[in-house]
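Undergrad: Here is what each chain is made of, one letter per residue.
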Amino acid sequence: MQTILELLAICLILLNFRLLGASRLRSCVGAVAIQALALNLLPLLSSAGENWWIIAMMAGSTAIKVIVLPALVLRAIDRTKVVNEIEPLVGYTKSLIIGAAMLALCAFASRRLTVPLGGVDQILVPISLFTILTGAFLLVARRKAITQVLGFLVLENGVYLFGVTFAVSEPWLVQMGVLLDLMAAVFVMGIIIYHINREFDHIDIDRLSNLRDGR
Amino acid sequence: MIISAIQVLLALLLAPALLSIIRIVKAFFGGRHGPTLLQPYRDLWKLARKAPVYSRTTSWVFRASPSVTLGAVLAALAVLPLCGVPGPLAFTGDFIFLAYAFGLVRFFTVAAALDTGSPFEGMGASREVQFSALAEVALFACLIALAILSSSMSLSTMLDHSWAAAGNMRGEGVLILVAAALMLVLLAENARIPVDDPTTHLELTMIHEVMILDHCGLDLAMIEYASALKLWIWSAIVISVALPMRTGDAAFDIVAGVCGVFVIGILIGVIESIMARLKLLKVPQLLVVAMVLGLLAVGLGLR
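The listed protein sequences correspond, in order, to chains A and B.
For reference, each letter of the first sequence is one residue, going 52 to 266 in this note's numbering.
For reference, each letter of the second sequence is one residue, going 37 to 339 in this note's numbering.
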C-alpha cells in the first residue's frame, strides 16, 4: 500500500513536470486530467478510504475533474480554433529547471511546516505545495487564456491535495475544494474565454495589455 | 573472479551483436529483412584489414584518438558489474572512474574532430559537448541516488544491493526513476534516435557520426568497436538497475544479465522505430527531464 502511494506521489510530481515541459495544449489537458485522477485515488489508499462519504466525494470529484472539466476545456479549444502550440513566456527547458528549483523549495519548506495529518503520508505535503506553485507558475508564464485556465486547475489540484491530507479531520475543507472546482468550471470557462473570444476574435491575453481607449 | 572475467569476455564478444539486434528490430518494424546477426562483425573485420589514411593537416591527436577511445572503454568495462556479478577490477569510487573514462573518450573524440579542421566536425563537436554537459549532471544524480540507497561507493555493490536496500526502506520509486533517467542518458550518450540518428546521411544533422567522418580503416574499426562496447556497458548498467531479481547463482545471473542487455537492445530498436529524431533545440529539454528525474531520485533517497 505504502509503495503504491509513493508511486502515485512520484506520478503527481512527474505530471507537474510534464505540464511545465509540454508544448501542446491537448497534452496539457490530458496531463491535468490524469493528475486529477491520481489525486482522487490517493485517499482510497489511506485508512480514510473506508468512510463511505469519502468514497462518494471522490467519485463526484473524479466525475467533475477527470471528465467534465477536461471535456469543457477541449470543447473550448475546438470552438475558439486556438492553435495547439502553447506560446510560453518562459521557455520549456527553463520552466523545467525552475520546476526543479520549486520542488526543492517545497521540500525545504514542508520540513519547517507542521501540519496535522489525517492518516496520509507526510510526502504529500511538499507535493501539494509543489502542485500549487506549478499552477501559479503556469498562470504567469504561459500566454494563452486556455493555458491560464489549466494553470488555475493545476493550482486547484494542489489546494485539493492539501485538503486531502486533512480529509479525515476536516471533511468540509475538501467539500469546499469541490465547490471551487465548480467555480472554475462555470466562471472561468463559461464567462471569460468566450467573452474574450467574442470581443476580440482571439484569446491571446498579451494583446489585452495593449488595449487603449479610442483616441 | 573467474565469473567476472567470463562476464567481461561475453561483453567483448557480444557487444557488436547488440548493434545487430537493434538493426534487426528496426528492419522488422520497417517490413524488411534485416542484416544477419554477424553483420557488425563482418564490418569490423573488413575495416580492420584496411590501413588508415591520414590527412596532412592532422596531428598526433587525431592518430591517438582511436586507441585512447578503445583503451578507455576497455578500462570502463573492467569495473562494470552485470546483474549482481561484480566487475573484475571493482574498487571503491569506481563509478566516478567509469563516468570519467567516458569523459576521456568524449574529450579525445572531440579533440580529434577539431584537429581535422573540418567545419562539419567542429559543429558536431560543439553539439556533443553541449549535450554531454547536461547528460553528465543526470548521470551523477542517478549514481548519487544509487549510492545513497545502497550506502556504498562501488558500482558493483551499488547495483547489486540497491533492490534489496530498496525493499527495506521502500525505495522502489527511486530505482524506477533512476532506471528511466539512465535510459534517457543512454540514448543521448550513445547517439541513439531521439537525440542523434546513427544512420543519417546528412552531415548537418549528425552529432556523433560527423565527428568520426575522417577516420578510416583500423582506426574506424576501433572506434566502432568502442562505441559498441559503450552501448553494452550502458545497457548493462540500465538493466542492472531495472531488473529486481538476483538469483544468487552467478551463472544464472550472467545469463539473465546478457538476456537483459539484449532486451534493452530491443527496447532501443523499438524506440528508434516509433520515434522521430527530436529537433536539436528540444534535445536539452529531454536531458533536463533526465536531470530532474535523477535529482528527484536523490531527493527521495535522502528522505
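Be careful, since some hints might not be right.
Across the chosen pairs, the derived CB separations fall in these ranges [as the list claims (entries may be wrong)]:
id, chain 1, residue 1, chain 2, residue 2, range
1, A, Glu136, B, Met311, 44 to 50 Å
2, A, Val141, B, Leu314, 48 to 54 Å
3, A, Ala155, B, His69, 39 to 45 Å
4, A, Gly142, B, Val306, 48 to 54 Å
5, B, Val306, A, Ala155, 31 to 37 Å
6, A, Gln173, B, Leu314, 51 to 57 Å
7, B, Gly284, A, Ile106, 53 to 59 Å
8, B, Arg313, A, Gln173, 41 to 47 Å
9, A, Ile148, B, Tyr90, 24 to 30 Å
10, A, Val134, B, Val306, 28 to 34 Å
11, A, Leu88, B, Val299, 45 to 51 Å
12, B, Gly66, A, Ala187, 32 to 38 Å
13, B, Gly284, A, Leu164, 42 to 48 Å
14, A, Ser74, B, Tyr90, 43 to 49 Å
Keep in mind the hints are simulated off the structure, nothing from the lab.
Built from N, CA and C at the ideal position, the CB exists for glycine as well.
Undergrad: Which numbered hints are broken by the structure, listed smallest first?
TA: 1, 2, 3, 4, 6, 7, 9, 11, 12
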